[in-house]
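With the hints as your guide, set chain B onto chain A.
Given next are the chains, with one letter for each unit.
2 protein chains.
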Amino acid sequence: MTERTRLTRLKERAVEDRAALLDFLAGQYVAHLAVVAGDHPVALPVAYALDREGDQLYVHGSVAAGWLREAPGAQVCVTVTSVDGLVLARSGFHHSMNYRSAVVIGAARLVEDEDERARALDLVVDQVVPGRAATLRPPTRKELVATAVLAVPLAEASLKQRTGGVGDEPEDVEAGTWAGVLPLRVVAGEVETDPLTARPVPSDVAARAAELGR
Amino acid sequence: MTERTRLTRLKERAVEDRAALLDFLAGQYVAHLAVVAGDHPVALPVAYALDREGDQLYVHGSVAAGWLREAPGAQVCVTVTSVDGLVLARSGFHHSMNYRSAVVIGAARLVEDEDERARALDLVVDQVVPGRAATLRPPTRKELVATAVLAVPLAEASLKQRTGGVGDEPEDVEAGTWAGVLPLRVVAGEVETDPLTARPVPSDVAARAAELGR
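Chains as they are written, first to last, in my numbering: chain A, 483 to 696; chain B, 483 to 696.
For the record, the hints were derived by calculation from the structure and aren't laboratory data. What you are looking at is a predicted structure, and each value in this text was computed from that prediction instead of being measured. Hints may contain errors.
Stretch-level coverage of chain A by chain B, calculated; a stretch enters the list once three of its residues show a Cβ under 8 Å from a Cβ in chain B [said to hold, decoys possible]:
1) 497-509
2) 535-542
3) 599-612
4) 617-630
For each residue, glycine too, the CB sits at the ideal point set by N, CA and C.
Bound conformation, chain A alone:
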């Protein structure tokens, strides 16, 4: 964590444990990638992968996406957030959310080495369904040409979270207003197998569905 990712307030919400940051990034699959495009910032949802070995994140996108062309060499912000609950306090002021949010700021590097590109694209698939990349054909030359892969170092990264119940003023508790937490989670529904597929759901997909279906 550096000056740019050090939290300026609510320091108790910062999670100093590097392992917790990495575990959180390993368990999610959507990030918001923010870039500066001319006079304004743009943040868009992207698939990403955690590369523990390289201590970096990979994001990828179409080379035709204008905003992605802004990123190579530029400072970007990759934010991964899980909303875990609505904190319904006794005052508007103390309303909050339980959440975990990792913020990574750094210079995006355009990945050009073909081996690294192939590995990064596999990692992005495996971030969504661990083990699936190995069950797919390799990308074609045409597909590789159409895909931009960026690496963002995890050198400047922080994890912030809020957990637990409401934090109300004593007088509001005495006044008797109702308060509580509505927990939220992402749940997978039934796997929708493509009608053109004759095969059963593969074990890696079934395992992922079971994990997300709890």
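Okay, now just chain B, sitting in the frame of chain A:
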């Protein structure tokens, strides 16, 4: 929609219907607010409210939050995303996600009028649980001083979405690889009433929990 929010690719994914944009923004409660802070962008999760009447979004935060101090008068991006499914195609290249994502770019206005500030803060509470603001005491002077409210116009806003099944190459379909979609949704668990509350769960919270619990 203006040049800055016009989609440069996959135009079929742009939703031109203004009503669909507003309905989507009405149904969510977390945004990522991106600002430019010195030499880099920062995107952080925030609660927000749709103000249909004023055709704008409100976001709020602590006046002590450094990144929020960058926003007044500056160009910001507010992105609201719902991830609706994992699209598990027959090739890595065609892996995708079903999602809806609204992107709003504009100059953030610091809301200073006390009446507008009070209304905006109520809207933020009601965005989370419709009707709840009216059941709470009004904010104190101290709370208002500690809170920054920003308005971002919806003049430059777009909604992008992907729905449906996989879009694979014919030769990959012939090869027989399994493909399908794993639908995802956010689900509320049981309401966790604060132990210091003697009252039953109010009807607005129960309604919201039921709506999110489906």
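Coverage claim, chain B over the segment 497-509 of chain A, checked by counting residues with Cβ within 8 Å (three needed): violated (count 0)
Whether chain B covers the segment 599-612 of chain A (at least 3 residues having a Cβ closer than 8 Å to its Cβ atoms): Answer holds; 6 residues pass the 8 Å Cβ test.
Chain B covers the segment 617-630 of chain A, three or more CB atoms within 8 Å, holds or violated: It holds, with 8 qualifying residues against the three required.
Coverage criterion applied to the segment 535-542 of chain A (partner chain B; beta-carbon cut 8 Å; 3 residues): That given contact is violated, which follows from only 0 residues of the segment 535-542 of chain A lying within Cβ reach (below 8 Å) of chain B.
The structure is inconsistent with the numbered hints 1 and 2, although it conforms to all the rest.
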